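Novice: Be aware that the sequence shown starts at 1, since it is given in the working numbering, and climbs by one per residue.
Simulated from the structure, these hints should not be mistaken for laboratory data.
This structure is a prediction, so every number in the text was calculated from the model and none was measured.
Here a beta-carbon is modelled for each residue, glycine too, at the ideal position from N, C-alpha and C.
Accuracy of the hints is not assured; some may be wrong.
The calculated lysine-lysine pairs, modelled on DSSO-like cross-linking and capped at a C-alpha distance of 30 Å, are [what the hints assert, rightly or not]:
| no. | residue 1 | residue 2 |
| --- | --- | --- |
| 1 | 97 | 126 |
| 2 | 62 | 77 |
| 3 | 77 | 100 |
| 4 | 100 | 82 |
| 5 | 153 | 88 |
| 6 | 179 | 100 |
| 7 | 100 | 75 |
| 8 | 179 | 88 |
| 9 | 153 | 97 |
| 10 | 62 | 104 |
| 11 | 88 | 77 |
| 12 | 104 | 75 |
| 13 | 88 | 75 |
| 14 | 75 | 62 |
| 15 | 88 | 126 |
| 16 | 153 | 100 |
| 17 | 62 | 88 |
| 18 | 126 | 179 |
| 19 | 153 | 126 |
Distance windows between CB atoms, simulated [to be verified]:
| no. | residue 1 | residue 2 | range |
| --- | --- | --- | --- |
| 20 | 86 | 60 | 23 to 33 Å |
| 21 | 136 | 95 | 47 to 57 Å |
| 22 | 179 | 38 | 25 to 35 Å |
| 23 | 145 | 180 | 47 to 57 Å |
| 24 | 77 | 146 | 56 to 66 Å |
| 25 | 157 | 98 | 46 to 56 Å |
| 26 | 87 | 33 | 45 to 55 Å |
| 27 | 104 | 168 | 13 to 23 Å |
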Amino acid sequence: MSRSKSRPPPRPSEQHRVGRRIRAREVRVIDETGEQRGIMSTQDAMELAATAGLQLVEVNPKANPPVCKIMDYGKYKYESAKREREAKKNQKTSELKEVKFRPKTHEHDFDFKLRHIRRFLAEGDKVRLVVQFRGREITHPETGRAILDRVCKGVVDLATVAQMAQLEGNRLNMVLAPKPQRAGAAPQRPRPVDGAGGPAPARAVDPDLEDLPPLPDDDDDDDDDDDEGEAVAGEAAAGGDAG
């Protein structure tokens, strides 16, 4: 019974043709110093490279004749791989952060969230702004738009609007994107914005945005639940007195 011979895995294709793999009979040669050596036979070019203890590498196969360079190909591949690794390491993956507001967001909470938004943008991330409505609040979407306008004024130096405000169900959404020249830049001191939408007088704000406490998950929901609970309790008490 004959045994099937296992085939060796295929060799990965080289990015460049080197030495005898070069198919053209004539090539334009650049030597290891970057000097143009003109057109010569591939055989002569390989001998020139061998004399220098280097390899002949085809760097532009589409030229007529193809362009070849004399180099240390092993060192070239090593340095290319190193540059690629460094580029990947330095490349930041942009995330989409989300910050929620309520129509009755307190001034302190607004400033706190604005500082977070500025930090996200300065770090190169997009930010989705959400104004969450409840019950009859949805009949006054302009209150949510006013909040989004205030945020935009507070980050005008850092952001552009990637998605205009859109009402989806009981949520008013907007997406901000960092300005290209600001992506990855160091965060700056936020500019407080007053309720009328214009710049407010300068106030003492912690400039170190890196040490901000994390945003709460409930995003003002607890305060509004308490307000609604008190309102319901008040109505119930009023009904009992009337009875």
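Novice: Broken hints, numbered, in rising order?
Specialist: Hints 3, 4, 5, 7, 10, 12, 21, 22, 23, 25 and 26 contradicted; others consistent.
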